[in-house]
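Visitor: Work the whole structure out from these sequences, hints included.
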Amino acid sequence: MKDNKIEFRVNGETRIYEGDPLRRLLDVLREDLGLTGPKDGCGEGECGACSILLDGEVVNSCLIPVGTIQGQEVLTVEGLNETDQGKCIVEAYADAGAVQCGFCIPGMVMATEALLRKNPSPDEAAVRKAISGNLCRCTGYDQIVDAVLMAADRGKGLW
Amino acid sequence: MSHPISRSVRRKDAVDKAAGKCMYLSDLYPSAPLYGRCFYSSIARGRIVSRKLPPLPEGYWIVGASDIPGKNSLHMLIEDWPVFADTHVRYLGQIIYLVVGPDKQKILEILEAIEVEYEEETPCYTLEESAALVGGAQHGEDNVYTRYDINLGDIVEPFKKAARVLENEYYTGYQEHVYMEPQSMYGEWLDDSFVLHASAQCPYYIRKSLKGALGMDPEKIRVIQTATGGAFGGKEHFPDVLAGPLAVAVYKIRKPVKIVLDRKEDLAYTVKRHPSAVHFRTALDSDGNILAHDIDLRLDGGAFASCSAVVLARAVFTIGNVYNIPHIRVCGRAYCTNKPPSDAFRGFGAPQAVFAMESHMNYLACETGTDPLEYRQPYLFKQGDVTITEGRVHEKVLLPEMTERILEMSGYREKHEEYKNIPGKGIGLSYFLHGCGFTGNGERDLIKARIYLKKNEEDRVFIYGSNVEMGQGLMTTFCKVASRALDIPFDQVEYVQPDTAVVPDSGPTVASRSISVVGFLVQKAAEKLKDQWVSGQAQEIIQDYEPPEGLVEWDQDALKGDAYPAYSWGINVIEVEVDPVTCEVDTKGVWGVYDVGVPIDRQIVEGQINGGMVQALGYSHLEKLECRNGRFSQATMADYIIPTSMDFPSTQSDILDNPFEYGAFGAKGAGEMVFDGAAPAFTAAVSQAVDAVIDEIPVLPETIMELTDEGQ
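Those protein sequence lines, which keep their order, are chains W and X. Residue 8 is where the first sequence starts when you use this note's numbering, and the numbers rise one by one after that. Residue 541 is where the second sequence starts when you use this note's numbering, and the numbers rise one by one after that.
None of these hints come from the bench; they were simulated from the model. C-beta atoms are modelled at their ideal positions from N, C-alpha and C, and glycine is treated no differently. Do not rely on the hints blindly, as some may be mistaken.
[Said to hold, decoys possible] Computed list of lysine to aspartate or glutamate pairs in EDC-like fashion (alpha-carbon distance at most 16 Å, straight line):
1. Lys561(X) - Glu98(W)
2. Lys644(X) - Glu131(W)
3. Lys1070(X) - Glu1080(X)
4. Lys795(X) - Asp732(X)
5. Lys760(X) - Glu728(X)
6. Lys561(X) - Glu89(W)
7. Lys1064(X) - Glu1086(X)
8. Lys592(X) - Asp626(X)
9. Lys592(X) - Glu657(X)
10. Lys804(X) - Glu51(W)
11. Lys748(X) - Asp620(X)
12. Lys748(X) - Asp1187(X)
13. Lys644(X) - Asp27(W)
14. Lys94(W) - Asp160(W)
15. Lys644(X) - Glu98(W)
16. Lys792(X) - Glu805(X)
17. Lys125(W) - Asp160(W)
18. Lys1128(X) - Glu131(W)
19. Lys94(W) - Asp556(X)
20. Lys751(X) - Asp732(X)
21. Lys592(X) - Glu661(X)
22. Lys136(W) - Asp1187(X)
[Unchecked claim] Label-pair ranges, simulated between beta-carbon atoms:
23. Asn1169(X) - Glu80(W): 31 to 39 Å
24. Asp62(W) - Pro595(X): 23 to 31 Å
25. Asp1095(X) - Ser139(W): 48 to 56 Å
[What the hints assert, rightly or not] Covered stretches of chain W, going by a simulated chain X footprint (3 or more residues, C-beta under 8 Å):
26. 21-27
27. 43-50
28. 62-76
29. 85-97
30. 148-162
Guide: Listed below in structure tokens is the structure:
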């Protein structure tokens, strides 16, 4: 395996990665950069706990080999939480009672941000569709749906 | 009128969790110095005849039975489950070795190179094979872990004079917990002690389980709970099973080791919900009234006992459900089979029992030509009625009010009538209850819960107990209870992270006991602290469990008395449409009305209701888990289907207050009861839609296809 130098941006900062290009982006974020917001729930792209935004699209970082993201922009929950949009979503999740064990929630928050960027005033059906790639075993999703609608309502003009 | 404590507050842990700042075990130690990974048996039953281990590079270890400093057994209820398989294996997936080292890839290579040769024995995979002692008895002389018999009244006479006897059998399948955070732990050797950090429900259970294996003073085994990303019973006893090998490895190597299961291992080798088979014979008079039930209840316990005895107890004590039937005989048995052990899972035997009873009530109603809702009414429990164990229903029973409320919310009566003439549409209803706390004298004689309440000089108050926050909101509800009893702001109270070196043993986080039993201790301690409050001074209250008064004394040998001090109650209605071609079921409406005493936080209880409902609908409809030749066929989360946000509509619910004298501010348990009723309501709805009796879950399209084909 040949080592490559890969340059990409994480939460607005340029990062240069030298090492195995097949390593999962999730591991690079967690182990090398200390960004533990994205969680390892299944390792096969089914649960969405590792969701991040890659050039604005929500993706499962457990399925992305780090070598494939040359020049791309990664946003994790840590970066999102520094923005007004991120704070609005996090507050809405807390107020709507959408958080129980919390393990899936950072991924849910990223899926929420991706939805609201495309559709700042979603209805319930649109919300359910947007978070359908993120599994939650605690909440039954109802209060997560409430949280997304609450964020959209409170954050009018942010997206 | 709601109690003021029910008004929702923002959960203490919500913002940190949503912002990704809450540190779960794998976040605390993202890259560990040493990783551990298990080598599992590849057959379901047999003798280990030879082992060939590869040469190990520097800094790698293979840890097994010969490294155990103490006994090769984990102490759960009994001590049958070995730390490492030594001479025999009893299920496919039993841990034989733990491979430890710094590089995950290298560990995989070592695992690949280990060769274990077996002499295979004939495994038993079903209840029938277990009862027939296929391959010889494995547990005792009859493969029965536990048998519980109940004889309420006398069934002989009613069966003699019965005008009709109806019988049927009901089956429930496996269910996997799928806590989103896989099993995770990190062990280290510090100051001559083994210190374990673990995602777990019961820190003191782990300590008890390791004591014999390590041959150490329990004070030298310290267990610290880390933020727990879901559990549902799956982190009640299974952490013992991973902590055993980890502890032996750390004892040997004296370096920190981390084990985090990957999802495939977690699905394949961790414990599951008990499959069940319940046979009912019912004696009816000439008007179709129930005279007596004769019930045979069997649970598939898998390869080791774990807590099957207690799950069986709850199933047996719940099988009468919400009905006052004076003559019931129950024979309950939990069997040993050569499959991964079955264990605790939200509801703990109650969902299986409720499914059987509610399905059977529908069957009786159908066979006697009676409306299923009307058929149930004469039997509903009232205050003072005698329970299946000859205890009493001490509390006021709100079932009539709850029935009225759910009929109004769901339109059940009108829809049930209308759908009789509309093929493909159906609506179903279920009643259920859940006993709060440990069975019988368990709280008084076994658990003996203790908590501390400490106040520092800044007048901040800290609650010390061993019950864990695992998503259910315990940290928040306990602090609400203390702050209200003390009449101080919520933010002035904190819940201390459970650590056996710091907190007293207030018991495990199980059995719908946390808020009703331990929460009550928090309230009592807070009331005492309020009386003694001296501002600016450090103060401490120790509060021990005291049993409620006025209960019918429990006799564990006779299984008579009050099995539980109080019950939580619920009614569910589910509405479905079934596609006539694909047999896909579309759930159109979901309703629930509940009595949880007093909800300590309305939003948190609604979270339990919604989450319990969807998890139970998954159990009813999506979560097929088959064990073939000892191996689960569903190997990944793409195969084992849990509900997504698209599968079920939102749950419409209401909660009626009914304060429990011995619960915190009147609270009873909520976390499990909300799971118990969805399955029979769902199958009743599908039954009406396809006009066929359904006696098994999960109900998959292929099941419906078979039923409707048979019908034609």
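Visitor: With reference to the structure, classify each hint as holding or not holding.
Guide: Hints and how they fare:
no.: 1; hint: Lys561(X) - Glu98(W); result: 14 Å, holds
no.: 2; hint: Lys644(X) - Glu131(W); result: 43 Å, violated
no.: 3; hint: Lys1070(X) - Glu1080(X); result: 11 Å, holds
no.: 4; hint: Lys795(X) - Asp732(X); result: 12 Å, holds
no.: 5; hint: Lys760(X) - Glu728(X); result: 12 Å, holds
no.: 6; hint: Lys561(X) - Glu89(W); result: 12 Å, holds
no.: 7; hint: Lys1064(X) - Glu1086(X); result: 11 Å, holds
no.: 8; hint: Lys592(X) - Asp626(X); result: 14 Å, holds
no.: 9; hint: Lys592(X) - Glu657(X); result: 8 Å, holds
no.: 10; hint: Lys804(X) - Glu51(W); result: 10 Å, holds
no.: 11; hint: Lys748(X) - Asp620(X); result: 14 Å, holds
no.: 12; hint: Lys748(X) - Asp1187(X); result: 41 Å, violated
no.: 13; hint: Lys644(X) - Asp27(W); result: 14 Å, holds
no.: 14; hint: Lys94(W) - Asp160(W); result: 14 Å, holds
no.: 15; hint: Lys644(X) - Glu98(W); result: 38 Å, violated
no.: 16; hint: Lys792(X) - Glu805(X); result: 25 Å, violated
no.: 17; hint: Lys125(W) - Asp160(W); result: 15 Å, holds
no.: 18; hint: Lys1128(X) - Glu131(W); result: 15 Å, holds
no.: 19; hint: Lys94(W) - Asp556(X); result: 11 Å, holds
no.: 20; hint: Lys751(X) - Asp732(X); result: 14 Å, holds
no.: 21; hint: Lys592(X) - Glu661(X); result: 21 Å, violated
no.: 22; hint: Lys136(W) - Asp1187(X); result: 10 Å, holds
no.: 23; hint: Asn1169(X) - Glu80(W): 31 to 39 Å; result: 49 Å, violated
no.: 24; hint: Asp62(W) - Pro595(X): 23 to 31 Å; result: 47 Å, violated
no.: 25; hint: Asp1095(X) - Ser139(W): 48 to 56 Å; result: 52 Å, holds
no.: 26; hint: 21-27; result: violated (count 0)
no.: 27; hint: 43-50; result: holds (count 8)
no.: 28; hint: 62-76; result: violated (count 0)
no.: 29; hint: 85-97; result: holds (count 5)
no.: 30; hint: 148-162; result: holds (count 5)
In this structure, the earlier hints numbered 2, 12, 15, 16, 21, 23, 24, 26, 28 are contradicted, and the remaining ones agree with it.
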